[in-house]
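What follows is each chain in one-letter form.
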Amino acid sequence: MSESSLLLETPLNAAHRRLGARMVDFAGWDMPVQYPTGILAEHRAVRGNVGVFDLSHMGRVVLHGRDAVQLAQVCATRDLARVRDGEAAYSLLCLDDGGILDDVIAYRRGAEEVLFVFNASNRVVDTEQTLSQRQRRGLSVDVDDRTLTTALIGLQGPAAQATLEPLCDVDLEQLAGYSFLQARVDGAPVFVSRTGYTGEDGFELMVDAEQAEGLWELLLSQPTQPVACGLGARDTLRTEAGFALYGHEIDRTTSPFEARLGWVVNLDKDDFVGREALVRQKADGVERRLVGLTVASGGVPRPETPVVDDGTPVGQVTSGTHSPTLQRSIALAYVPLPLAGTGQQLAVEVRGRELSAEVTRLPFVPHHFRPRAQA
Amino acid sequence: MSESAGNPPDRRYTSEHEWIKADGDEYVVGITSFAQDQLGDIVYVELPKVGDHVEAGTAFGVIESVKTASDLYAPVSGEVVAVNASLVEQPQAVNDDPYSGGWMIRIKADDTSALDELLTADQYTAQIGD
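The listed protein sequences derive, respectively, from chains A and B.
Those letters in the first sequence? Residues 1 to 375, by this note's numbering.
Those letters in the second sequence? Residues 1001 to 1130, by this note's numbering.
Incorrect hints may have been included.
[What the hints assert, rightly or not] Anything over 12 Å on all C-beta distances counts as not near chain A; from chain B, calculated: (1) Asp1037; (2) Gly1040; (3) Glu1064; (4) Glu1089.
[Claimed, not checked] Here chain B is said to cover these stretches of chain A; the calculated rule only asks that three of the stretch's residues, wherever they fall, bring their Cβ under 8 Å from a Cβ of chain B: (5) 182-189; (6) 292-305.
[Unchecked claim] From chain B, some residues computed to sit far from chain A (all C-beta separations above 12 Å): (7) Gly1024; (8) Ala1069; (9) Ser1086.
Read the hints as simulated data drawn from the structure, not as lab findings.
C-beta atoms are modelled at their ideal positions from N, C-alpha and C, and glycine is treated no differently.
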């Protein structure tokens, strides 16, 4: 496997190979795209039972020190003052021009500590922006990239709690959505958050790299029979859930408002990177909007598939797949605002043939995650 | 799954991972077990119409898995006399049974000697074993 020699490996690399995973280069990491069970079976395990994911390629950067929350506030579009200690929030990092640098989960671990979880492909640029903001504003905070010394394991699906509870020294029933705590799992310290990106209930577990393989094997050996899931199932699951993926729905050229992510942009917050541009964008309005499309049979729309209205190209698919749950093709696409209403009839052009496509309310498959704790 | 075994010796193969098997004076075409394994879960198969003429080495259809779409290439030229319509509803038959129930088209070959140019099971097995 000489081609993998330049790739980063997670602490679970050997475990994936033992399971017979098909490995791919994902953002410079040697990652499992699927196991021999196949994407459809992995997907169904998460919707109907429980799946386990290696998410260790995602960036994990801890801001620690007196000005940790202030630095996080400057970087993130969301007002993290409204997030309590012990809670996490989905947010964006933007550029000065309002384009999206990345989407992140910010965990408030205390008055002086915030954990950012970044996309693997953006870990370096996100960290650079964080460091440059620290310097520009003279903030007193350590920025510590722990990606290579820790692992992150996702446990997702309706049986996630039943899988983890017997192994864990805390009452998970009390853990609300987007909350987290420090627990012991089989004696090892584990950072447990009730988060995920599949639309199902579930947890994400951060552990020291040395503990990762033991935890992975322990989870897979539980009586609920969790299924190891790769990046392929992760993609079909998040698409059904209507969640954006960096490099597809969002990137430096997209506005949060056209990507339906205005709800994580708190313009009333003092100052953050991109605020001025985003105030203007909000006032001017956007011309296109991300929508869900349910597509007639006849092929699977893929990224860059044209969206047409009365024979005229009006937009592009950003993510498209066969939905294992709905048993039909679905897509996320940008279309002009006047064509973005639910029920709008459009078409996608797959291999030169138009397949009818209807604008569909997102998510395609209802979310089942736990609600946040009430304020 | 072993990728270098299980290719039936009763048919010929292409380097693009199709198989072709004589059945009376007609020929049945499908994709190999190696191909379906590489593609992953098949979710859509697009086939020609009965009466269409397919050309050796050119695409006669498309197969799509969750992750990707691939062309299907005709092993020899000929007229399509039947297609496996059950694949519209049950595309996973290509994964489950690539050498029988997952067949794709049945053709009347223009020139049956063209089959001699194709790979034997041993040759194909050696090729994918590389």
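Exercise for the section: Mind listing which of the numbered hints don't hold for this structure, in increasing order? Expected result: 1, 2, 3, 4, 5, 8
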